[in-house]
Structure formats: C-alpha cells, structure tokens
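Asks: The whole structure should be built from the sequences, with the hints applied where relevant.
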Amino acid sequence: MDHLALDVAHFLAGGLVLVSFMLLYQDRMFGLLNIFALHALVVSLSVAWQAHIQLAPYLYITAAIALVVKAIIIPVALHHIVLRLGIHRTIETVVGIGQTMLAGIGLVALSIMVMLPITAEAGTLTREDLAFSLSVILLGLLMMISRRNAVSQVIGFMSIENGLILAATAAKGMPLVVEISVAFSIIVALTVVGIFLFRIRERFDTMDVHALERFRGGQP
Amino acid sequence: MTEFGSLLVDAILLLPAVSAALLALFRDDRFTGKLNAIASFATFVTSTSLFVVRPEPGTFLIVDDVNVVFIVLTTFVAFTTSVFSASYISHELESGRLTPSYLRFYHAMYQVLMFAMNLALLSNNVGLMWVAIELATLTTVVMVGLYRTPAALEAAWKYFILGSVGIALALFGTILVYLAARSVVGEGLEAMAWSVLVREAPRFDPHLLNLAFAFLLLGYGTKVGLVPLHAWLPDAHAEGPTPISAVLSGLLLNVALFAVLRFKMIMSANPGALAPGPLMVTLGLLSVLFAALMLYRRFDIKRLFAYSSIEHMGIITFAFGMGGPLANFAGLLHMIYHSLTKSAIFFSVGHIAQIKGTQRIPDIRGLTASHPLLGWGLVLGVIAIMGLPPTGIFMSEFLVITSTFARAPALAVALGLGLLLAMGALLQWLNGLAFGEPHGPDTPSKASYVPMLAHLALVLAAGIYLPPSLVAWFQYVAGLLG
Numbered sequence: 000m001d002h003l004a005l006d007v008a009h010f011l012a013g014g015l016v017l018v019s020f021m022l023l024y025q026d027r028m029f030g031l032l033n034i035f036a037l038h039a040l041v042v043s044l045s046v047a048w049q050a051h052i053q054l055a056p057y058l059y060i061t062a063a064i065a066l067v068v069k070a071i072i073i074p075v076a077l078h079h080i081v082l083r084l085g086i087h088r089t090i091e092t093v094v095g096i097g098q099t100m101l102a103g104i105g106l107v108a109l110s111i112m113v114m115l116p117i118t119a120e121a122g123t124l125t126r127e128d129l130a131f132s133l134s135v136i137l138l139g140l141l142m143m144i145s146r147r148n149a150v151s152q153v154i155g156f157m158s159i160e161n162g163l164i165l166a167a168t169a170a171k172g173m174p175l176v177v178e179i180s181v182a183f184s185i186i187v188a189l190t191v192v193g194i195f196l197f198r199i200r201e202r203f204d205t206m207d208v209h210a211l212e213r214f215r216g217g218q219p
Numbered sequence: 000m001t002e003f004g005s006l007l008v009d010a011i012l013l014l015p016a017v018s019a020a021l022l023a024l025f026r027d028d029r030f031t032g033k034l035n036a037i038a039s040f041a042t043f044v045t046s047t048s049l050f051v052v053r054p055e056p057g058t059f060l061i062v063d064d065v066n067v068v069f070i071v072l073t074t075f076v077a078f079t080t081s082v083f084s085a086s087y088i089s090h091e092l093e094s095g096r097l098t099p100s101y102l103r104f105y106h107a108m109y110q111v112l113m114f115a116m117n118l119a120l121l122s123n124n125v126g127l128m129w130v131a132i133e134l135a136t137l138t139t140v141v142m143v144g145l146y147r148t149p150a151a152l153e154a155a156w157k158y159f160i161l162g163s164v165g166i167a168l169a170l171f172g173t174i175l176v177y178l179a180a181r182s183v184v185g186e187g188l189e190a191m192a193w194s195v196l197v198r199e200a201p202r203f204d205p206h207l208l209n210l211a212f213a214f215l216l217l218g219y220g221t222k223v224g225l226v227p228l229h230a231w232l233p234d235a236h237a238e239g240p241t242p243i244s245a246v247l248s249g250l251l252l253n254v255a256l257f258a259v260l261r262f263k264m265i266m267s268a269n270p271g272a273l274a275p276g277p278l279m280v281t282l283g284l285l286s287v288l289f290a291a292l293m294l295y296r297r298f299d300i301k302r303l304f305a306y307s308s309i310e311h312m313g314i315i316t317f318a319f320g321m322g323g324p325l326a327n328f329a330g331l332l333h334m335i336y337h338s339l340t341k342s343a344i345f346f347s348v349g350h351i352a353q354i355k356g357t358q359r360i361p362d363i364r365g366l367t368a369s370h371p372l373l374g375w376g377l378v379l380g381v382i383a384i385m386g387l388p389p390t391g392i393f394m395s396e397f398l399v400i401t402s403t404f405a406r407a408p409a410l411a412v413a414l415g416l417g418l419l420l421a422m423g424a425l426l427q428w429l430n431g432l433a434f435g436e437p438h439g440p441d442t443p444s445k446a447s448y449v450p451m452l453a454h455l456a457l458v459l460a461a462g463i464y465l466p467p468s469l470v471a472w473f474q475y476v477a478g479l480l481g
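Those protein sequence lines, which keep their order, are chains U and H.
For reference, each letter of the first sequence is one residue, going 0 to 219 in numbering that gives the first Met the number 0.
For reference, each letter of the second sequence is one residue, going 0 to 481 in numbering that gives the first Met the number 0.
A few of these clues could be false.
Restraint ranges, calculated between C-beta atoms of paired labels, are given here [stated by the list, open to error]:
(1) U/Glu91 with H/Ala150: 14 to 24 Å
(2) H/Glu55 with U/Met100: 52 to 62 Å
(3) H/Ser48 with U/Thr123: 31 to 41 Å
(4) H/Asp27 with U/Gly30: 50 to 60 Å
(5) H/Ser5 with U/Val181: 20 to 30 Å
(6) H/Tyr295 with U/Ala108: 19 to 29 Å
Here are some chain H residues the structure puts well away from chain U; computed CB gaps all over 10 Å [stated by the list, open to error]:
(7) Ile61
(8) Val65
(9) Arg96
(10) Arg198
(11) Leu207
(12) Leu325
(13) Ala407
(14) Tyr464
(15) Gln474
Simulated from the structure, these hints should not be mistaken for laboratory data.
This one's a predicted model, so the numbers in the text were calculated from it and none came from an experiment.
The beta carbon of each residue, even a glycine, is placed where N, CA and C say it ideally should be.
Replies: Below is the structure:
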C-alpha cells in the first residue's frame, strides 16, 4: 500500500475526530445539525476511501448509506422537527464548554495510548484508524453526558455510531459491515421518528431529558 | 438426520417470524391472542426436539450443549407468557388502555422479540448475535412505550438511550474480537464464527482480547442490568405492559448474559488473557448489594420486582464469574429458577394491578383474603424468590454460597449479607401486600392462573427433586462453561 493511500485515510479519520470536537462546542441547535451533517460526510468519504484502497466494493454501500441517510435525510428531518417543535434556542449544557473540551482532549490521548500498543501486529492502517475511531466513540459518549436535551443526545449517539462504522471498515475484511450499518440506520431512523412521534416537546413542554425525571414513579 | 436438524433450527426462527407477519394482519383480539399462544407453543415444541436431534454447526447458526438450555428455557417462558398475555391484554382492551390497532402491533412485536432472542441464542456469528440483540432491544423499547403515558415514554426513551450506548460499546468489543481472530484465522466469516473462535482462542493476541472483553462486558452488561449500568431496568419494567416485564426479566436479561458467557469462554480459553472472573464477580456482587438496599424504599410493585431482578442477575453473574464446575452449575440452575419464578411473580402482579387499578404497594392490602388464589400465588412466588426452602432458588443460592465459601470466604459473606438484606425487604412488603384487612376494589378476576401455577409448581418440584439425568446434563454444561 503506498504512502498516499495511507495519508488520505489518516487525514479523513483525523478529520472525523476534529469534527467530533466541533460538535462538542456547538451551542446552537442548527449549528449542531450542520456540523453533524459534516461529521457524516467525513465518515462517508472515509469509508469510500477504505473501499477504494481495500478493493472492497461492498463498502461503497456503507458509504452511500452514511451519505444519504446521515448526511442528508436525518439532518433535514431533524431541522424540520426542531422548527416544528420550536426548540431552536441555545443548548443547555451540564458542564462548561471549556471543561468539556479539556476532558475531550484527555479522552483522545487515552484512546491513542490504549489502542496503539495493543494493535502493533494489525498493520498501520488498522491501528491508527482504530485509535481515531475509539476517540470518536468516547467523544460521542462525552457529548451525550454533557448535554441535557434529547436532540443533542441523539446527535451524540449518531456520532458514536459513525465512529463504530469507521472502526468496522478499518478492521480489514470484516464481514457483515454492510448489514451492521443497515441495522444502525434503522436505530437512527427510529430515534428520529421517536422524537417526532412521541412529541417529547409537546407532552413535556421541554426537550430537556432532565425534566422527564419528575414523572418517575416510586414516591410514597 | 442432520438435515432434519437444520430444518428444525430454521423452524425455530421461522415460526416467530411468520406469525409476526400474520399477527400484524388480523384485527380480532381474541383470535390474535390465541394465535400468539399457538405460535409460541409450536416454537417451544420444536425447540425441545433439539435435545434429540443435533444439527451440524453452520456458518451462521449453531446448536451446542450450552445454548440448548437457553433456547428451551426461552421458548418455554415465551409460551407461558403468551398464555398470560392473552388474558391480560383482553382486560387492557376492555379498560380502554389499549386500542385494537395497538394490540395488533403488540402481538406482532411479541413474536419479533421471540425471533430476535432465538436468533441471538442460535447464532454462530458474533456479528449476527449483536444484530439480533439489537433487534430485541428495539422491539422491547417500542413495547415499553406502548401505553404512551408520560412515564412510559420517559422509560422507553431512557431504555433506548442507555441500551443503544451499551449496544454500541458491545459492537466495538466485537470488532476487536474479530481483529484478534483475523491474524490467526484469516479474513472473512470464519473469523467471526463462534465455533472457530473458541477453538482458536489460545492463539489470539491476549491484549486485544482483554480490551475487547472490557467493552463487551460493559456493553452487554448494560443489557443484563448490572449495577452501575442498570438505570433503565426499573423504569422499563414498571411502565411497560406486564407480559413484557415478565419477558424482560425472565428472558432478555438471560440472553444478554448468554452473550457475556460466550465471550467469557473465549477469554478463559486464552492462557495469556486477563481472567474474566474477578470483573464479573465484582459487578455481580455490587448489583446484589445495591439492589438489596434499593428494595427497601420502593412503592411501586413492578419496580420492586425489577430491583429484585437486578439482584438475581447479580447472583447469576457472580456465580459464573467464580467459575468452576460447581459455581457454574449453581449459576445455571439459578438462572433457570429465577426466570420461572420471576415471570410467575409478574403474572400475578399483572392481574393484581389490573384488579386494584394501581401499582402502588401501600394501596394493595390483604390479597390472601380478597383473592385467595392470586394472593397465595404471590406469597409462594415471593417465598421462592427470597430463596427460602424448599424451593429451587434456595438450593441454587445455597450452592453458590457454599461453593464460594471454599474459595473466597469474604466474598461469600458479602453475598450472604446481600441475600439476607433482600429477604428482609421483600418480607416487609409481602406482609402488607398479602395479609391484613383487604383494601381497594375487590372485583373477582377472570384471568387464567395456569401459567403462574405451572411455573411455581416447577420451581417447587425442582427444589425437592431434580431427575439425576438432568443434574448430570447440567453438570456437563457447567463443565463446558469453564
């Protein structure tokens, strides 16, 4: 495998980590949706590049699914839902942006330190992509716990999923990648339908997941 | 003979899938309830035939000694729950909590869930198993939110978010297992086939396996409901329809545990890898102690028994974590008895909540006086779940504690403490629920008590006498689990 192919793969995977950081500091709902579309676009390009250098044409399907479903349909649908439910205000955070970014940097360092030593035999491409994808997954988890409203939690979850798709394609020759990405698209579609159908906003007057907790039973 | 066997395996998957499609078509609720039960019964009968006929492992599906126990248990409880569900659901329709179109959806989803669980148990491919467990999660999420009350939606949302994170972590672990296998087995489906993985595990890179197991234990552990990943479980049990609570506690938690066990077998086959036992023992013990304390201040009857499920999954994880033939044997028995007892309890709780129109424990009083059969059924179920003799759970808990005493006395003491705490809490609640002055509406129930009584009879009988052939077989399976 020549150097250029590797460099492009690393550029795209590293770009995904960068976009994950951008997701962390968005404080407007529409900004968040646009950056998520960018996230999905980068993952789609990255998967397509892997399909090209691994000579694995079936990965193009995964790339196409990521592009169509997650970079176009989902952001557009969420855009409509956000407008319809009237929640395009600023996003409430649990922890300040500064601390979140610092924690994020820590997580990226952690995942590189964990992944690189143990995947020494796996080949350069797999190693570094796995380290990057673990970073994306951990940043997504960080986003889910540092945000309170349902839409940003869903976006955090979908960025985790992008990280997983990157990991699955980096593990060269892994079977069922297409099936798994289809299964994930179903979850994502259901989530978005869920937000809309359940009308969390309408029923609870807020998308703040924290507010749902007062409905929990179990008081005497 | 093997061709016939693979036909049987296909039937176990196709029966629920086809009946799900059929159930989505019909409107008549009495008929769909019956069809649901008949389909579940047919699946159960087919699965019992796997004792006799054993197909060759294929690329995607496998039947071995380990998963037969799980499949027969799953299809049996699925069948009895479908009988309970028929009478429970028609009452929900009468009381107007569900509309006929929701009911149709409910029955179809019930069979989809059965399909997903059977597929997860039968799959020979770690990726396929992951997809199946994900499907099972999604169907239960929809079912938990079925009533569409604010509380039900909150529970479904929480379950969805936590379950998805768990399932995402599990997928990362699965990818790492594939990577570990790839350098030994080579690329392709073989490197994800369960039967190949276990055979080749000694040659895998132990560091990759260690990291993979951490992700898998956290991921699937979320679905098992282990503390501190349990937050979804009480809400999902309390707010969904009661048949789903029974299936969740009795079956789905087991299926997730089964996934953990499969990977534990890979780990223990590799000499260089971290021992998976201590991690599981810690999580298990934590779950037992935490749930035992939480049992004291619950005021919702379904939430109470959901915490009890966390406690028992903790005991089972603890037993499998200790490992060795005796502890595994105890864990296996405990898993079966817990499934039977807990679903029986949920059957009775379902009828009680329908009669009284509430799930609040302080509003339910003196059941043995107002509804003798139901009340005593609940008493019997709670006695069994507390682990009092002569029920089967007493025997399995006794085995867990004694086998631990020989190897790690301090752990056995801690576990015993958790069990006693839980017993005290349940006793305190049972006293008010079952005895004293009856309180609230006492309309007679038209429900069928056969499923509940059948489960309780099995648990009692198993505590007194277990056929030697069955014991020998369980001991053999326990030996395989390592």
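Asks: Against each hint, give a clear statement of whether it holds in the structure.
Replies: We went through each hint and held it up to the structure:
Range check, U/Glu91 to H/Ala150: about 23 Å between beta-carbon atoms, so the 14 to 24 Å window is met. Against the hinted window of 52 to 62 Å, the Cβ-Cβ separation of H/Glu55 and U/Met100 comes to about 55 Å, which satisfies the hint. Checking the proposed 31 to 41 Å range against H/Ser48 and U/Thr123 shows it is violated: the Cβ atoms sit about 51 Å from each other. Taken as a hint, the range 50 to 60 Å holds for the pair H/Asp27 and U/Gly30, whose Cβ atoms sit roughly 51 Å apart.
Distance hint check: the CB atoms of H/Ser5 and U/Val181 are about 26 Å apart, consistent with the given range 20 to 30 Å. A hinted range of 19 to 29 Å for the beta carbons of H/Tyr295 and U/Ala108 is inconsistent with their spacing of about 43 Å. Non-interface status of H/Ile61 relative to chain U is upheld: no Cβ of that chain comes within 10 Å, the nearest being about 16 Å off. With a cut of 10 Å on Cβ distances, H/Val65 stays outside the contact zone with chain U, its closest approach being about 22 Å.
Every CB of chain U lies more than 10 Å from the CB of H/Arg96, the least distance being 16 Å, so the non-interface label holds. At roughly 18 Å from the closest C-beta of chain U, the C-beta of H/Arg198 stays outside 10 Å, upholding its exclusion from the interface. Interface exclusion of H/Leu207 from chain U breaks down, the closest Cβ pair being 6 Å apart, not more than 10 Å. No beta-carbon of chain U is positioned within 10 Å of the beta-carbon of H/Leu325; the least distance is around 34 Å.
The claim that H/Ala407 is not at the interface with chain U holds, since no C-beta of that chain comes within 10 Å of its own (minimum 30 Å). Consistency note on H/Tyr464: stated as away from chain U, and its beta-carbon is indeed over 10 Å from all of that chain's, at 40 Å minimum. Residue placement check: H/Gln474 keeps its beta carbon more than 10 Å from all beta carbons of chain U (closest about 36 Å).
Of the numbered hints listed earlier, those contradicted by the structure are 3, 6, 11.
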